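Trainee: Line by line, the protein sequences give chains A and B.
Heads up: the first sequence runs through residues 0 to 733, numbered per numbering that gives the first Met the number 0.
Heads up: the second sequence runs through residues 0 to 162, numbered per numbering that gives the first Met the number 0.
If you're looking for bench data, these hints aren't it; they were derived computationally from the structure.
Since we're looking at a predicted model, the values are computed, not measured.
Heads up, the beta-carbon is just placed ideally off N, CA and C, and yes, glycines get one too.
Any given hint could turn out to be false.
Here's a subset of chain B near chain A, in silico, CB distances under 10 Å, partners left out [stated by the list, open to error]:
| hint | residue |
| --- | --- |
| 1 | 11 |
| 2 | 19 |
| 3 | 26 |
| 4 | 36 |
| 5 | 39 |
| 6 | 59 |
| 7 | 84 |
| 8 | 88 |
| 9 | 92 |
| 10 | 126 |
| 11 | 129 |
| 12 | 131 |
| 13 | 136 |
| 14 | 138 |
| 15 | 140 |
| 16 | 154 |
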Amino acid sequence: MVDRWLRREDERLLTGAGRFVADLRVDGCLDAVFARSEVAHGVLREVDCSAAREVPGVAGAWSAADLPGLPPMPDAREGAATREWPSLVRDRVRYPGEALAVVLGDDRYRAEDGAARVRSRIDPLPAVVTAQEAAGLGHVALRGEAGRPIDDEVWEQAAVVVESSYRQQLLMPSPMECRTILCVPGGDRLTVWSGHQAPHRLRSELARLLDRPEESVRVVVPDTGGAFGSKSAVFPEFITVAWLAVRLGRPVRWIEDRRESLLVATRGRGQDQHVRLAADADGRLLAYELTVEADVGAYPHLGVAFPMQTAWMATGPYTTPQVHATVRSVLTNTMVTYPYRGAGRPEATSPLERTMDVLATRLHLDPAELRRRNLIPPERFPYRTPTGRTYDSGDHVAALDLALRTLDYDGWRAEQARRRADPAAPPVGIGLSCYVERSGGEKGSLHDYVGVEAGEDGGVVARCGAASSGQSHATVFPALVAETLGVEPARVRLIEGDTDELPGGVGSFGSRSAQIDGAGLQHAATLLIEEARERAARLWDLPVEETAWSDGAVHPVRGTAAMGLSELVKRTGPLRIDERYEADMAFPFGTHAAVVEVDPDLGAVRVLRLVAVDDCGRALDPAVVRGQAFGSVVQGLGQALYEGVPFGDDGVPLLGDGLLDYLLPTYAEIPPIELGETRTPTPRTPLGAKGAGESGCIGTPPAIVNAVADALRLDHPERLQMPLTPDVVWRAAA
Amino acid sequence: MKITLTVNDAAYPLDVEPRRVLADALRDDCGLTGTHLGCEQGVCGACTVLVDGEAVRSCLMLAVQCDGVPIRTVEGLAGADGEPHPLQRAFSAERGLQCGFCTPGFLMLAAGALEHDPALGEEEVAALVGSNLCRCTGYEPIRRAITRAARDHQNGQFHDRRQ
Ligand code: FES
Ligand code: FES
Chain A
0 MVDRWLRRED
10 ERLLTGAGRF
20 VADLRVDGCL
30 DAVFARSEVA
40 HGVLREVDCS
50 AAREVPGVAG
60 AWSAADLPGL
70 PPMPDAREGA
80 ATREWPSLVR
90 DRVRYPGEAL
100 AVVLGDDRYR
110 AEDGAARVRS
120 RIDPLPAVVT
130 AQEAAGLGHV
140 ALRGEAGRPI
150 DDEVWEQAAV
160 VVESSYRQQL
170 LMPSPMECRT
180 ILCVPGGDRL
190 TVWSGHQAPH
200 RLRSELARLL
210 DRPEESVRVV
220 VPDTGGAFGS
230 KSAVFPEFIT
240 VAWLAVRLGR
250 PVRWIEDRRE
260 SLLVATRGRG
270 QDQHVRLAAD
280 ADGRLLAYEL
290 TVEADVGAYP
300 HLGVAFPMQT
310 AWMATGPYTT
320 PQVHATVRSV
330 LTNTMVTYPY
340 RGAGRPEATS
350 PLERTMDVLA
360 TRLHLDPAEL
370 RRRNLIPPER
380 FPYRTPTGRT
390 YDSGDHVAAL
400 DLALRTLDYD
410 GWRAEQARRR
420 ADPAAPPVGI
430 GLSCYVERSG
440 GEKGSLHDYV
450 GVEAGEDGGV
460 VARCGAASSG
470 QSHATVFPAL
480 VAETLGVEPA
490 RVRLIEGDTD
500 ELPGGVGSFG
510 SRSAQIDGAG
520 LQHAATLLIE
530 EARERAARLW
540 DLPVEETAWS
550 DGAVHPVRGT
560 AAMGLSELVK
570 RTGPLRIDER
580 YEADMAFPFG
590 THAAVVEVDP
600 DLGAVRVLRL
610 VAVDDCGRAL
620 DPAVVRGQAF
630 GSVVQGLGQA
640 LYEGVPFGDD
650 GVPLLGDGLL
660 DYLLPTYAEI
670 PPIELGETRT
680 PTPRTPLGAK
690 GAGESGCIGT
700 PPAIVNAVAD
710 ALRLDHPERL
720 QMPLTPDVVW
730 RAAA
Chain B
0 MKITLTVNDA
10 AYPLDVEPRR
20 VLADALRDDC
30 GLTGTHLGCE
40 QGVCGACTVL
50 VDGEAVRSCL
60 MLAVQCDGVP
70 IRTVEGLAGA
80 DGEPHPLQRA
90 FSAERGLQCG
100 FCTPGFLMLA
110 AGALEHDPAL
120 GEEEVAALVG
130 SNLCRCTGYE
140 PIRRAITRAA
150 RDHQNGQFHD
160 RRQ
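This is chain A alone, in the form it adopts within the complex (with noise of 0.2 Å):
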């Protein structure tokens, strides 16, 4: 059916027949449910459980003091003193929504029942939500640095000199799907559906937690609803489901509901930024200075080192020779912060990219030509920055050029003219922001496994360490197999999510699939090939290089006798290649342009327009990166004007009303967007495609911002502040 669905995922997902973990029917299997802390922070006096255990269909509950054994969090950091993040709490609540006891049920009616029978006393104590009062108070959890110290001569001297500060809110990523693990022990096995980013990763924790062979678990990720980067780790909670699994030998699931996870899921951004930008009077820049402060949450964890992303790319695309970039990240009273959509980059960009604009201002000169001065050239790369990045490839200009005539740029500059020659004209703005970003991951995680078989029916099977959370893995992956091999992609399949698989496999974060498993099938395939010639030589008694490929067969390079592979495999045997498949990280750029209507009096703010930029390389798929940019924009736009966490005096997020008072944006907020691409294939892959799906995120929520200002003509821009929502704008414009 081909021609029925565009994509292989499609047909189960529209007639209701996918499988996500909560759709999985496994007898016998208790819900959990967790009781969790209502304050911030505070000692734990006393769980009592007593109750919930009387209630009918409750098959246990247990706090921290009933589960001696209960492993704590794994702490994946070194250096700096660690605090340990028990899985239940044992003495101490240190963010708000902390699990203070388990309660399984027959159902999710029976656990939720228990669970609100179970008492606990605690004593508060003040909780800290930013960084700067938690640094206060010792907390800090890493310091770190890119990039070298600027002399104070380079600020004296500079003509301009921009300094500023801004506020990367706390962001829920949100994927509609929250999270999920089911826990199914049988035999030494136990097996794990999770609709998870890295199922190796997690097999390899909950087995050291758990304290078994890997071998002996088994993670499969079968459909997953989003994850956007909150869904690569392990939790407290898939800690106590797992274990209480394995300790009463049966099924155990966790289905995150929305309550649950706007409290304890693991959020993204959450930085307090320092910048000081030194320019020459033409505009050229002399000097960067980015100083981060991040908050981080209740306890060190994995999340700690993720704002050196920051410090890293704080070079961004310009030529700047000197950047420094110093990091703090500090323990607060919040659920932790984790990679989230961008994950750094946003953080890098949004500083830099409004201080561009600031600076334009003070030196008279268009926002545009501003950034063409400065931008990193072609024939500049691999161009090594100050932050230690070395950028493989990229043509900024291009990209600037497309976006400003994409949006007609200067269509929209003389309207603006000729509204603030109208006083009652409502003032437009527009703001642009170039952004790069690095895909593929750091060292250590620039890698996966991957395998292409094939089988004697003619089939052929592609593996990879991959796990597709709507990013259309099973459509993409076998279309680039199967260009490799010249047969039909109807004859390639897919298998990934699924440990048993493959030896081992690093998953799908970080704008790394296409480019590092991409590459990798690429590479495998060509290695199968290679296999199948070799074969075949010795078959036909050829040497190598008299046999050719083409189109699915080996034949010989005189003659016409094709050996197709299904042919091969039952005359030569099982035809597998597994690789563990290495590349370097790769850095996607682009331009992406907003234009604004402000209303002053009422501190609303339209989206006219919006145009995005990007550059990723080769793509796979051109429709799926679309697809992918196009939703990466809205997230971008959500963060630019609605989504936040607001924290009460107690340090307990304003969030009781759930998606009533996280706004997710709506199609009633969705503005004309449109999409432009350049490609620059990154030389460090054959394949040549970097990440995508993370640009929207990282280029659009700046764009808005700058165009908000430029709308506001605000010389103090450091008022604005996102989400821009009315009452900020307002505020600033006041």
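Mind docking chain B with the ligands on chain A? Use the hints.
Mentor: Quick look at chain B with the ligands alone, frame taken from chain A:
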């Protein structure tokens, strides 16, 4: 309470607690897991099904309220012959889904609207798309899909199950 849910023309005699939410009855008691739960507070619309032809958030309705009332879920959207509904075809053609978690809700919302008014206008489509949440697509592809399905419908490629 003993009730019978009539879902996609099949009868499901059930014994449910009065508090049982329709979505849970459909998913867990009828085994129809195509209806998804994204918020359980009536905001996201992932759980949208048709109850007596009207689109409802099945997380906000009790199963006992639906005793004897015809219900349609995404599993019953295709024609009896297995022919996909124009909306299903259009969602695929316009790339109106990525992860597919929100999709059944949008499909049923649009299916209900199309059955009421086969000539959905631009504004009606915009209002429909604005009723539910999707975190992946950015909505525009969903708008295009519903518009395309409405167009196909007017061109007679739509089999109205009520006829
Ligand atoms: S689950 Fe019913 S509206 Fe979200
Ligand atoms: S397709 Fe993923 S939430 Fe809509």
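Trainee: Would you settle whether the hint for residue 154 of chain B is holds or violated, based on the nearest Cβ-Cβ distance to chain A being less than 10 Å?
Mentor: violated, 17 Å
Trainee: Any CB of chain A closer than 10 Å to the CB of residue 129 of chain B?
Mentor: At 4 Å from the nearest chain A Cβ, residue 129 of chain B passes the 10 Å test, so the hint holds.
Trainee: Identify whether the interface hint at residue 126 of chain B stands, where standing means a beta carbon of chain A within less than 10 Å of its own.
Mentor: holds, 9 Å
Trainee: Less than 10 Å between beta-carbons is the criterion; does residue 39 of chain B satisfy it with respect to chain A?
Mentor: OK, holds: residue 39 of chain B within 10 Å of chain A, min 6 Å.
Trainee: Regarding the hint that residue 59 of chain B lies at the interface with chain A, is the smallest CB-CB distance below 10 Å?
Mentor: violated, 13 Å
Trainee: Take the shortest C-beta to C-beta distance between residue 92 of chain B and chain A; is it under 10 Å?
Mentor: Hint on residue 92 of chain B: holds, closest Cβ of chain A at ~6 Å, below 10 Å.
Trainee: Residue 19 of chain B was flagged as interface toward chain A. Is the shortest Cβ-Cβ separation under 10 Å?
Mentor: holds, 7 Å
Trainee: Can you verify the interface hint for residue 136 of chain B: is its Cβ closer than 10 Å to any Cβ in chain A?
Mentor: holds, 5 Å
Trainee: Please check whether residue 131 of chain B passes as an interface residue: C-beta within 10 Å of a C-beta belonging to chain A.
Mentor: The hint holds - residue 131 of chain B has a Cβ within 10 Å of chain A, the shortest such distance being about 8 Å.
Trainee: Is the interface hint for residue 88 of chain B satisfied, with its Cβ closer than 10 Å to some Cβ of chain A?
Mentor: holds, 7 Å
Trainee: Given a cut of 10 Å on the nearest C-beta pair, is the interface hint for residue 26 of chain B held or broken against chain A?
Mentor: holds, 8 Å
Trainee: Would the hint on residue 140 of chain B stand, with a C-beta cut-off of 10 Å toward chain A?
Mentor: holds, 7 Å
Hint check: violations occur at hints 1, 6, 16; the rest are consistent with the structure.
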